[in-house]
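> Now for the letters of each chain:
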Amino acid sequence: MSSNDVRDMLDLPDSGSTRPAKKQKLTAPRPVLKGLAREIQNLSGDNPIAIVPEVSAFKKKRYGSRKPVAKWEQKPFKNSARDGDPLVLRHWRRKEEKPPAPPVGEDGNVEMEEAVAPIAEEMVEDSTFAKYNVRVNVPEYTEEEYNAKLQNQDWTKLETDHLVGLAYEYDLRWPVIWDRYEPPLPAPDSADSLLGLVLPPKIRTVEDLKARYYSVAATMMAERKPPIKMNSAEFNLHEVMSNFNPAIETARKKFAEAAFQRTKEEAREEESLLLELKRILARSDKLNEERRELYARLEAPPSTGNIGIYSSSQGLQQLLQQLMQASKKRKSLMGSEGISPAAGPSQQASFERRDSSVRESISGPSGSNNNKKGPPPGPSERRQLTEEEEKIYGVSHHERIGASGAAFRHEKISKPLISKSSVQQTKIANVLVELEIPNRLIMPTVEVGEAYESLLQSINTLLDARKLADKLDGEIKLARQQKEEREKAARLERGEAVEGDEVEGNNKTEKEKSVARSVRGGSVARSVRGGSQGHKRSASVLSATSEQNFQRSKEYRLRH
Amino acid sequence: MAASQPLTSSIQPTDASPPCHTPRRINIANHCPTTDEVSAIILDPGYSSVRAGFAGEDTPKSFVNSHYGVSDAGKFTFGDDAIHNPLAGLDIRNPMSKEGIVEDWDTATQLWEYAITSRLTSFKQSDPRTNGLNDPSEIAMDVEEVEEGERTLGEHPLLMTETAWNTTKNREKAIEIAMESWGCPAFWLARNSVMAAFGGGKATSLVIDVGASTASVISIHDGLILKKSVQKSPVAGNWLSSQLRSLFASTEPKANLVPHFDIASKTPVDAGAPAQATYRKYENKIPDSFRAFEEERVLTEFKESVVQVWNGMGRLNTVNANGVSNTDYVKSQPGRVFEFPDGANQMWGVERMSVAEGLFDERAALPIPNEPALTKAQTIPEMVRQSLAAVDIDLRPHLLGNVVVTGGTTLINGFTDRLHNELTAMYPGARVKIQAAGLTAERRFGSWIGGSILGSLGTFHQMWISRKEYEEFGVNVVEKRCK
Chain B
1 MSSNDVRDML DLPDSGSTRP AKKQKLTAPR PVLKGLAREI QNLSGDNPIA IVPEVSAFKK
61 KRYGSRKPVA KWEQKPFKNS ARDGDPLVLR HWRRKEEKPP APPVGEDGNV EMEEAVAPIA
121 EEMVEDSTFA KYNVRVNVPE YTEEEYNAKL QNQDWTKLET DHLVGLAYEY DLRWPVIWDR
181 YEPPLPAPDS ADSLLGLVLP PKIRTVEDLK ARYYSVAATM MAERKPPIKM NSAEFNLHEV
241 MSNFNPAIET ARKKFAEAAF QRTKEEAREE ESLLLELKRI LARSDKLNEE RRELYARLEA
301 PPSTGNIGIY SSSQGLQQLL QQLMQASKKR KSLMGSEGIS PAAGPSQQAS FERRDSSVRE
361 SISGPSGSNN NKKGPPPGPS ERRQLTEEEE KIYGVSHHER IGASGAAFRH EKISKPLISK
421 SSVQQTKIAN VLVELEIPNR LIMPTVEVGE AYESLLQSIN TLLDARKLAD KLDGEIKLAR
481 QQKEEREKAA RLERGEAVEG DEVEGNNKTE KEKSVARSVR GGSVARSVRG GSQGHKRSAS
541 VLSATSEQNF QRSKEYRLRH
Chain C
1 MAASQPLTSS IQPTDASPPC HTPRRINIAN HCPTTDEVSA IILDPGYSSV RAGFAGEDTP
61 KSFVNSHYGV SDAGKFTFGD DAIHNPLAGL DIRNPMSKEG IVEDWDTATQ LWEYAITSRL
121 TSFKQSDPRT NGLNDPSEIA MDVEEVEEGE RTLGEHPLLM TETAWNTTKN REKAIEIAME
181 SWGCPAFWLA RNSVMAAFGG GKATSLVIDV GASTASVISI HDGLILKKSV QKSPVAGNWL
241 SSQLRSLFAS TEPKANLVPH FDIASKTPVD AGAPAQATYR KYENKIPDSF RAFEEERVLT
301 EFKESVVQVW NGMGRLNTVN ANGVSNTDYV KSQPGRVFEF PDGANQMWGV ERMSVAEGLF
361 DERAALPIPN EPALTKAQTI PEMVRQSLAA VDIDLRPHLL GNVVVTGGTT LINGFTDRLH
421 NELTAMYPGA RVKIQAAGLT AERRFGSWIG GSILGSLGTF HQMWISRKEY EEFGVNVVEK
481 RCK
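Residue numbers (full-length UniProt numbering), protein chains in the order written: chain B, 1 to 560; chain C, 1 to 483.
Next up, chain C with everything else stripped away, as it sits in the complex:
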């Protein structure tokens, strides 16, 4: 009897696996018959953080802040442990542009290398002549050592993600770094929106990604982005932070945004009362970039705990069936209290909803000084409309039935409910189904998880750009292969 016969572990379950053309949601913890792991590393860089980890795992092992510190002496510090230190000359920078693509390649390379080597592989020195830390003329090293240094990722194929609007130059630079600096045996460059769709278990989907620097809406068909449907706007986490700053500036009394490192001690005060705190004194001036970075942390906390998207029917300023405007309704509801680091606290009522309303309604956005007003095309519903208008009509109902929501900013309270309301109002004839991961980590690391799934698939091995191909065709092989 087959049942009584013990399963010998030498029989690989991979042998009898069904054909799997499109990656689907897999239980990564178990040994899935469609997986064949080759210890590939998935690198998913973003504006706010870099995610890196081994393919086949469910969360990235390495999660590093994209911001890095540069000391007066030009020393770079990476990682959350070091960059929150209020040092005199510590300048906080970000290698990524506001659009989420790499600007400063030298530092980005180091940052990613730090993300990979600090948690995933052992620390191996990269070539001191090319890592940008040294003056090449000063260094004279053995050839042996250089060879050794080149093998940072010698055993690991690398799967990197990129935005849909990444430039050709950047893509070529990425493969160059992977192949030349890190010595990867194989490389692949995947769109993060496609990866997010895979992470949501879809091959065809409308990916709504609201991250830190950009919000994007992209239609994916069978794991390929439709380039004409790419829509992006700056209405994302950083924009929300600036909304909050505008809000704090306009409230009475003015809410004072003081970061944690400035506070020595605080005493509890009543709501609305001025703060009673003792402030730290620093002998040397703390750079503005560091202050802004630390303020951003407070704002993140505020976003996580107070900000909410109006998730009832209609928009925040529409009048409901009872003749009461939604704004008035929210005003009648209890607000939320937020205590700033200096102890000042205040009840936030309708404001906590109005700051996020601009995501969906450009007229409700608060004006930000020195920045152009939000346009209608930048709101999320309008981006969805534009994106869908740019794809074949046969595909649209499909896409609306497979909306994948990803990115940290989508974790704002009520975001998916509101999105669903907006989409059903826009397309009453279609069935709208939103796939939004319930777990915070899955929503934040959606594209990394998709990469993890893709990288561990047995059928993906034929896709890798191998070192030989790179040597044969040069850097533009990435344009040819990674469509």
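One chain only, chain B, in its complex shape:
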């Protein structure tokens, strides 16, 4: 990016001076380098690295690149901001290389002075600072315009002229204008002086001057360009000027003056008062906030959700379960972070130990957790506390809180029930229904509870016994059927007709046949010897029958 580009961007006119053209880049092939130097050259690309100057000749280059000494001259210049004044000053400027064009004399007989002057004028450049010369625009008016529009009781035209002149001269610096404003004496031929009534010049305040100037300016502005045609900036200016109110300004200045004249004590007092006010405001804010909150609570709309489901204890328990679930989820989320927050203070002290315990927990639950009571370490990497640390942190373990954590005591009652399989549960429930004992105890006192527990125990034993009985029953039946089969076969061998047994129904015989077929592979003796295996197989076969027998055997047992 060259300065030309910058000029382009900033819309600056091209600097008349022609800059020396960029030096032609040396395109000549560089000397072939070897070894490390070549590597460096490859690294740097086209731009040579500054830290490895290639100095072939030490001082020769310096002399070679030296330009001729810059020539400076005292160059005359003029300033166009001087309103055509031909003041020519001189400043030091670099001498331009190009020799100035020889003056072209048009007429040979023109006098020497005249011939030189215009050429000199042309040669003299303008000051670069002339462009900073800016002046304010002040209203201009003619005599007629003044008489028609700008008449004012308080102001003569002479005074107005003087004021506008000052405003122009001092670029609307009002403090200066006010300072330098000296009401001009009326011309001796004016009416006042003829009557001998030369009034003492009025003492005018800054506000008076401003009010007069703005009113004149606004009037003339509207005169030159109707407010409708003005652009927004002009219109705003017009509005501001025509709305100037000296009374407000005066009041403001009085106030400022009073504030300025305060004594130290007053200033301090005001400061403390302001502080107090701030505090009171802050307090009232807080109070309002609290009051609003209170009102909001009082006027809170009734809850729309149905809370009926939570009115029963069951519903409450359900809610509790939900909450527990939620908290467990949260806990697992927290656990996934690895280190429990409690490990904070002694983290460094027990770093090694923790490390090892982590490794232990990874290696499996069979690790050395023998010395620890309480819950076995779960899959989470919760650090294990030694006994000392447990003492320090006040960790205590309770026997009655099991692995599942804290639980309601009433759950203990339903525990023997829940721990069984659903089939068993229904069986137990059936027994209880039969005994007309409700599922949940109505009056769970100690005795009742104990009795209930023992009842459940006996129900369990009963059910176990019945299971066994059923099994035995089935086996006996099987053995009997096998025996009948064998007898039947023996009878067939003997040629006796089968009697009676056929009556039992095709259905049954078909089934028994299939059983017999399955058993036929091996000898009966082997099937008997096979023990449990044979039992299992037969049990699956007999499950249907046992269901049929259930009712019967139950009645039988209860009778005992």
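Bear in mind the hints are in silico, worked out from the structure with no lab data behind them. Mixed in with the good hints, there may be bad ones.
Mimicking DSS-like on lysine-lysine, the simulated pairs with C-alpha atoms at most 25 angstroms apart in a straight line are [claimed, not checked]: (1) B/Lys254 <-> B/Lys264; (2) B/Lys264 <-> B/Lys253; (3) B/Lys202 <-> C/Lys228; (4) C/Lys228 <-> B/Lys254; (5) B/Lys149 <-> B/Lys229; (6) B/Lys157 <-> C/Lys483; (7) B/Lys131 <-> C/Lys468; (8) C/Lys227 <-> B/Lys202; (9) C/Lys227 <-> B/Lys253; (10) C/Lys483 <-> B/Lys78; (11) B/Lys253 <-> C/Lys433; (12) B/Lys264 <-> C/Lys376; (13) B/Lys202 <-> C/Lys483; (14) C/Lys468 <-> B/Lys78; (15) C/Lys98 <-> C/Lys227; (16) C/Lys480 <-> B/Lys131; (17) B/Lys95 <-> B/Lys71; (18) C/Lys480 <-> C/Lys173; (19) B/Lys467 <-> B/Lys477; (20) B/Lys78 <-> C/Lys480; (21) C/Lys483 <-> B/Lys131.
Some chain C residues judged to face chain B by a derived CB distance under 7 angstroms, without partners named [stated by the list, open to error]: (22) Val38; (23) Ala186; (24) Leu224; (25) Lys228; (26) Gly429; (27) Gly458; (28) Thr459.
Please read these numbers as outputs of a predicted model, since none were measured by experiment. Even for Gly, the Cβ is constructed at its ideal location relative to N, Cα and C.
Given chain B's structure and the hints, the job is docking chain C onto it.
Same frame as chain B, but now just chain C:
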């Protein structure tokens, strides 16, 4: 890449300079983009010295004592080298009045010409008929030579400073001399208080200038003095000297003010002991003006090394929070020893503060024989109050935030601290900020430096009163232009 491209010096940095409406503190040593030097000469005459130099430099090259010697034969001698010579008929005079404005124009012109030509430009003879040195009837010169002589400052625009209370006649005389006698191509007359504000880097400021003959407090708004705010009083360096004389007369034993030129040799004596010195004898009587002038040098030394302004809280005679008056506190502190040229030396305790207290407290001023007592309006805090009261209320906080302190007498120890204390006590609601140059030279030459800044600004070129304008409008052009 722009960075890799070398900056050609043919590209003038002035071309891209930002608009600069008000002069501000510039680094004169560097080529500032707002400057465009036309080798203008800045002339800053004062009661005690004349400062002259080229615009754009940081100190005046030429520093000449305003006092000059007139021999019996009527020969004028200028400059420090010549006027301290105890010659029989050498009368020391000053072309400036006690108010710091020119009284004796003929000599002032010569003095200034000496200040300019002795250091800045080559010595060129001024017109022998008008320089006041010759009897016009005796001289007959070639016209050529006269023309040559007129070009004393032919190539240099001249920027001169003046006091805020300078008379119209004096201002017209100044441009007349610059244009007619010195042949300046352009001229400008600036207020020295405005220049001091510029020197302090401010366009709007309250300038407190305590020089040799006058102290002044003037409000400046945007580089223009507010005429109603001009306050001046004689409570300045010369007044302080007379305080010292009163003090020396009243001490026990009386301190004897003997200037250096009277002493041939001296022997060291204990503090308070009478001097043991051998005095020079002069065959012819040395004029009183010369003696007074030389005594003044001793007093200046005393002011520089011993005098201090009470710069603690309150005034010197107020009682502080512990119930001890500040005077008693100062008495308990170690004093300073001053040895006079004759070898007599003495410890100066509270006196070194009480002599300067009158600058701030008229009741503490020592009575000076044959002079009216100091009034309250003449003290510096009161002048500040009056000056501020005469400007618009909106401007006052601004001015107090930009107080520029200048002038040699403000270099007295503790002056700015005390001034700050006084102003904050007076205006507790306003923020007072004092801008006082740390360098001695900058404080003494504050108005010259401001002139140097102004004269080197590129935007100032449109302001100069050119020779053509002078020829067109006459001498009253200066009243019209230099407001």
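> For every hint, state whether the structure bears it out.
Verification of the supplied hints:
| no. | hint | verdict |
| --- | --- | --- |
| 1 | B/Lys254 <-> B/Lys264 | 19 angstroms, holds |
| 2 | B/Lys264 <-> B/Lys253 | 20 angstroms, holds |
| 3 | B/Lys202 <-> C/Lys228 | 16 angstroms, holds |
| 4 | C/Lys228 <-> B/Lys254 | 20 angstroms, holds |
| 5 | B/Lys149 <-> B/Lys229 | 20 angstroms, holds |
| 6 | B/Lys157 <-> C/Lys483 | 24 angstroms, holds |
| 7 | B/Lys131 <-> C/Lys468 | 23 angstroms, holds |
| 8 | C/Lys227 <-> B/Lys202 | 18 angstroms, holds |
| 9 | C/Lys227 <-> B/Lys253 | 21 angstroms, holds |
| 10 | C/Lys483 <-> B/Lys78 | 24 angstroms, holds |
| 11 | B/Lys253 <-> C/Lys433 | 23 angstroms, holds |
| 12 | B/Lys264 <-> C/Lys376 | 22 angstroms, holds |
| 13 | B/Lys202 <-> C/Lys483 | 23 angstroms, holds |
| 14 | C/Lys468 <-> B/Lys78 | 13 angstroms, holds |
| 15 | C/Lys98 <-> C/Lys227 | 20 angstroms, holds |
| 16 | C/Lys480 <-> B/Lys131 | 24 angstroms, holds |
| 17 | B/Lys95 <-> B/Lys71 | 5 angstroms, holds |
| 18 | C/Lys480 <-> C/Lys173 | 14 angstroms, holds |
| 19 | B/Lys467 <-> B/Lys477 | 15 angstroms, holds |
| 20 | B/Lys78 <-> C/Lys480 | 22 angstroms, holds |
| 21 | C/Lys483 <-> B/Lys131 | 23 angstroms, holds |
| 22 | Val38 | 4 angstroms, holds |
| 23 | Ala186 | 6 angstroms, holds |
| 24 | Leu224 | 5 angstroms, holds |
| 25 | Lys228 | 5 angstroms, holds |
| 26 | Gly429 | 5 angstroms, holds |
| 27 | Gly458 | 4 angstroms, holds |
| 28 | Thr459 | 5 angstroms, holds |
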